[in-house]
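Between the sequences and the hints, there should be enough to build the whole structure, so can you do that?
Residue strings, one per chain:
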Amino acid sequence: MNINTTINVSLQNALLNYFNTLSDIGYVEYPDVYKLIVLDMINDIISLKLTKYAFPTIVSEDDIRTITTTFYNLVNSTFLIPVPINNNGSTPTPNSYYLDLSYLYKYIAEQIVTINESINTKDEATNDKLDTAVLAINSTLTSINNTLISMNTEISNLGATDNLVIESLNNLASRIKILEFKI
Amino acid sequence: MIVINNISIKEDGHTLNVSAVINSTTYPPTTYFDSIIIDTQDTYLNTGPSTTPIYTHSIVDVDNHHTLTTINMDIDLSQVGVDITKTMFFVYLKETSTETIVGETKFDVAISLRDYYVSALSSLKDLDCKCSIPKDFIDTYLLVKAILLCLESKSYDMAIRYWNKYYITHLNCTV
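Going down the list, the protein sequences come from chains A and B.
Quick note: the first sequence, position 77, residue 77 per this note's numbering, numbers continuous.
Quick note: the second sequence, position 10, residue 10 per this note's numbering, numbers continuous.
Keep in mind that the hints were calculated from the coordinates and are not lab data.
Remember, predicted model here, so these are calculated numbers, not experimental data.
There's no promise every hint is true.
Claimed, not checked - On the chain A side, residues computed to face chain B include the following (Cβ under 7 Å):
(1) I25
(2) Y27
(3) I37
(4) K52
(5) Y53
(6) F55
(7) D63
Just so it is clear, CB atoms sit at the ideal spot from N, CA and C, and this is done for glycine as well.
Next comes the structure, spelled out in structure tokens:
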């Protein structure tokens, strides 16, 4: 699902939520409505409906980046705009990558603690445990690489690079370097 | 009968594209394009072309006769002498007839929202740094939306009112 479709579907869901809320409680707070309006504006820009009015027919990469960042800032900032869901049920937002990565970070950190303990005790009985830990870390690094590949695929599917994802990738790369050094 | 295919300002921001044909039921046709007249929001009359248009162009063939039934021309608005981004262009197409009937006049509106696009994108960048969405930003978008809806519903007087409000309220301001 590319970013145009994602935003379009999000707008549809947001409008549905808006009218459902209005019919239920008769009121939606202004800040939430403003976010809905901004989403509508973004949709207008990328849907190229306004090219009749000298809007550019090709939106630049920089503009796409701005729009994507704004969109993901709006997502989940109000109940009106839920997290978009892909056709396969996954979530094409940078938030999901953060969740996966934080899990991996935690796992790696635990392994490092185990290694440190083994090295400090220098007990031969723990050598096997150390080898196991190193193997586990290697396997984790492989899964990180796989995650990176899938993230790159997701990014190319989105049609634009996202600052948050790039930042996340850079963090991950630097952490992998540190881990390799420690191992 | 005049059929307008396209009257809009191109992506370059200063070229007005006018594309239209005359649908004739007879052969040879009895009506041909006569001229293009452009009014602005200041000279617009809802009765037809004004007597003080900003641009007039006679549509003639190489022999200087009104024989054309299809036009697709680009007009450089930077030569017209108005600020393109702040002007609504009411483009009239007049036809002339070889018979006694009076040729009809059709028109469409062309506006450039290029400035709005640029300022909207820069405002979106600013939104990242702010916790809330400024009211001015919303106000401007709603005004632009109102203008577009008025144009679609052919409520030109109201569109002009909103257009003037948009430029008076947001003159020299970012969205």
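Structure-based check of all given hints:
1. I25: Status violated, d = 22 Å.
2. Y27: This interface hint is violated because 18 Å lies over the 7 Å limit.
3. I37: 6 Å, holds
4. K52: 5 Å, holds
5. Y53: Hint holds; A:Y53 Cβ to chain B Cβ min 4 Å, cut 7 Å.
6. F55: 5 Å, holds
7. D63: 5 Å, holds
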